[in-house]
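Those protein sequences? They're chains A and B, same order as listed.
End of the first sequence = 367 in our numbering, gap-free, step of one.
End of the second sequence = 367 in our numbering, gap-free, step of one.
Hints in this document: simulated from the structure, not taken from any laboratory.
You may find that some hints are simply not true.
For chains that are exact copies, the list does not tell them apart, and a pair is met inside one copy or across any two.
[As the list claims (entries may be wrong)] In silico BS3-like cross-links for lysine-lysine, where the CA-CA straight-line distance does not exceed 27 Å:
id: 1; residue 1: Lys353; residue 2: Lys248
id: 2; residue 1: Lys297; residue 2: Lys245
id: 3; residue 1: Lys32; residue 2: Lys44
id: 4; residue 1: Lys143; residue 2: Lys353
id: 5; residue 1: Lys245; residue 2: Lys282
Protein chains: 2
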Amino acid sequence: MSIDTIRTIEWKDDKVVMLDQRQLPLKEVYVTYEDYLGVAQAIKHMVIRGAPAIGVAAAFGVALGAMGIGVRTFEEFYEKLGIVCRRLAETRPTAVNLMWAVERMRACALAEQHRPLSEIVAALKKEANTIYHEDIEANRRMGRAGQTLLNDGDNVLTHCNAGALATAGFGTALGVIYAATEAGKRIHVYADETRPRLQGAGLTAWELQKHGIQVTVITDTMCASVMKQGKIQKVIVGADRIAANGDTANKIGTYGVALMAHYHKIPFYVAAPMSTIDPKITDGSQIPIEERDAREVTHIGQHRITPEHVEVINPAFDVTPAAFITAIITDRGIVKAPFTESIAALITQK
Amino acid sequence: MSIDTIRTIEWKDDKVVMLDQRQLPLKEVYVTYEDYLGVAQAIKHMVIRGAPAIGVAAAFGVALGAMGIGVRTFEEFYEKLGIVCRRLAETRPTAVNLMWAVERMRACALAEQHRPLSEIVAALKKEANTIYHEDIEANRRMGRAGQTLLNDGDNVLTHCNAGALATAGFGTALGVIYAATEAGKRIHVYADETRPRLQGAGLTAWELQKHGIQVTVITDTMCASVMKQGKIQKVIVGADRIAANGDTANKIGTYGVALMAHYHKIPFYVAAPMSTIDPKITDGSQIPIEERDAREVTHIGQHRITPEHVEVINPAFDVTPAAFITAIITDRGIVKAPFTESIAALITQK
Chain A
18 MSIDTIRTIE WKDDKVVMLD QRQLPLKEVY VTYEDYLGVA QAIKHMVIRG APAIGVAAAF
78 GVALGAMGIG VRTFEEFYEK LGIVCRRLAE TRPTAVNLMW AVERMRACAL AEQHRPLSEI
138 VAALKKEANT IYHEDIEANR RMGRAGQTLL NDGDNVLTHC NAGALATAGF GTALGVIYAA
198 TEAGKRIHVY ADETRPRLQG AGLTAWELQK HGIQVTVITD TMCASVMKQG KIQKVIVGAD
258 RIAANGDTAN KIGTYGVALM AHYHKIPFYV AAPMSTIDPK ITDGSQIPIE ERDAREVTHI
318 GQHRITPEHV EVINPAFDVT PAAFITAIIT DRGIVKAPFT ESIAALITQK
Chain B
18 MSIDTIRTIE WKDDKVVMLD QRQLPLKEVY VTYEDYLGVA QAIKHMVIRG APAIGVAAAF
78 GVALGAMGIG VRTFEEFYEK LGIVCRRLAE TRPTAVNLMW AVERMRACAL AEQHRPLSEI
138 VAALKKEANT IYHEDIEANR RMGRAGQTLL NDGDNVLTHC NAGALATAGF GTALGVIYAA
198 TEAGKRIHVY ADETRPRLQG AGLTAWELQK HGIQVTVITD TMCASVMKQG KIQKVIVGAD
258 RIAANGDTAN KIGTYGVALM AHYHKIPFYV AAPMSTIDPK ITDGSQIPIE ERDAREVTHI
318 GQHRITPEHV EVINPAFDVT PAAFITAIIT DRGIVKAPFT ESIAALITQK
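Next up, chain A with everything else stripped away, as it sits in the complex (with noise of 0.2 Å):
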């Protein structure tokens, strides 16, 4: 069986399609951008999320900007394209996928400089273009390495959304589930319902289901209990940023969800495309967390829980050691400890 994912972005008649995540799982609407301020508003609001998704849009952001730009010269359009790919790499902090893409982005342009300004925006409209295949490329590569670490009948579980929904297709994490499916396993999932922004009861619920893949939602609250019970043989999920020693940036909760698969002796595996990766950084302290807005926390919908005036906080991510990482899987293959080495060898290989 072949799994065909749904498409979370497309650039479409130069234009931007996403797919409205915040709507889900109750309503699929798809949003139309035209221009790049839509796209960064787009990702600041979390319509779309996901480290290597709002890559993507950045890259597709940064095509949709330089569009725009009605200028002569290549200093003049350099200089404009420039505070189109600061206004999106300032979106979100912690992916580095964004500064990523951007940085791709504005490296396509250098390089095209003595071109017709035409012809840069073509290049860059191209650029975009391929990094979004190239990350659904990556994710089915990831998936076809990863599958390997699962068995048939496993229990899986992973915390916030890493499939399809996060990236351009087939997903992280859940890339490594669909392709473990697609090699005849059965995966049964617990999906952690991830608050605050309830990731895993809204879409990793939902695209699973949609792709046929049996889940089962539990609250943060419930996981070390499944775990103690012998319910989980794996727990995968993706990364916002991972550092040279592959400390793992992923959305909060993350951190004791390794703990915990720790303490029962449960591989905890990370799946991530390369561009993840962020070499300048050697530990994870040095991972800018993004704090969001108290909302998130002091209501559901429109659904006050907390008291008023009461003091909340908003982490959107935490850090989780090295250590409790079994093995981090990439488009280039898996890699276990020493991850300083590992990780080292996985970028000089081409």
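Fit chain B to the known structure of chain A by using the hints.
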């Protein structure tokens, strides 16, 4: 300073008045029950919750039930009382305080069996009110003992609500914090929101705010990360049932919090009255765990958070092994490992 906490439940003019906790923190609504079936429904649907509070509610329920039995002989009376007792005892399976209170009421009736029925009913009303006042006193004693474990300036994490709202008044885990505050110590509380029913975000935050204690609400996913940052000095939780060896059933998620505290070397305390100890149960594996309605997981208020027809589980409690518990704070003093011996000594002590 002296903290006089809110009243969760009261016996008033031969009726039972409860604060409807399902409406907190948005509305403070009191409901009056005139018959035991209403009280049974209130316990089942969590108008009132918390192991000590539902023990008191059940005792009041038996008293209301006894008032409504119109028969002539003790045998007939005791048979009808048995129906009342069973109906109340079966509302929720995990908290042993419920069975304990019902058995104590039944024993009271038996002890008074040679007196006129009207006097037996009066004795039952008195016994229920004794249970009520004893619970507040037990909480006060627990607070005085437990507060010696806290230091001025401590940040204390708690899970679910083990406060005035979970008892006849003052609270178990939060009672310790109130007592520390009365002793002049400044305590800041981190309240886990505690999905699925959000008792931390709704009830703990509400009552701490009402009593002037500084509180920060976090999602359950933030707990490990906050601990890792060194922001939590102690954890205190309540209990629904404690086995003879110290294994403790408490709100789902407690086991995970205990594991995280253990790893981060943060003292983990359980505060519970003697009525929560079930010496007939040798270890936690024998404690029945209530499975509640799936809708508590799939919806928050009227807001659906999962796709339709998705599978969920909803165990209301988990069991924390005694090995993760630094000490148990009871109304007869504080006990530490080895718990089998120290708990047995508490039980024989008068």
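Verification of the supplied hints:
Proximity of lysine 353 to lysine 248 under the C-alpha cut-off of 27 Å is restricted to the intra-copy arrangement: shortest distance 25 Å within a copy versus 31 Å between copies. Taking the shortest Cα distances, lysine 297 and lysine 245 sit within 27 Å of each other only across copies (24 Å), while inside one copy they are farther apart (38 Å). Only within a single protomer do lysine 32 and lysine 44 lie at most 27 Å apart by alpha-carbon distance; the minimum there is 22 Å, versus 47 Å between protomers. Taking the shortest Cα distances, lysine 143 and lysine 353 never come within 27 Å of each other, neither inside one copy (35 Å) nor across copies (67 Å).
Within a single copy, lysine 245 and lysine 282 get their C-alpha atoms as close as 10 Å, and across copies as close as 20 Å, so both meet the 27 Å cut-off.
When the structure is compared with the earlier hints, a violation turns up for hint 4 alone.
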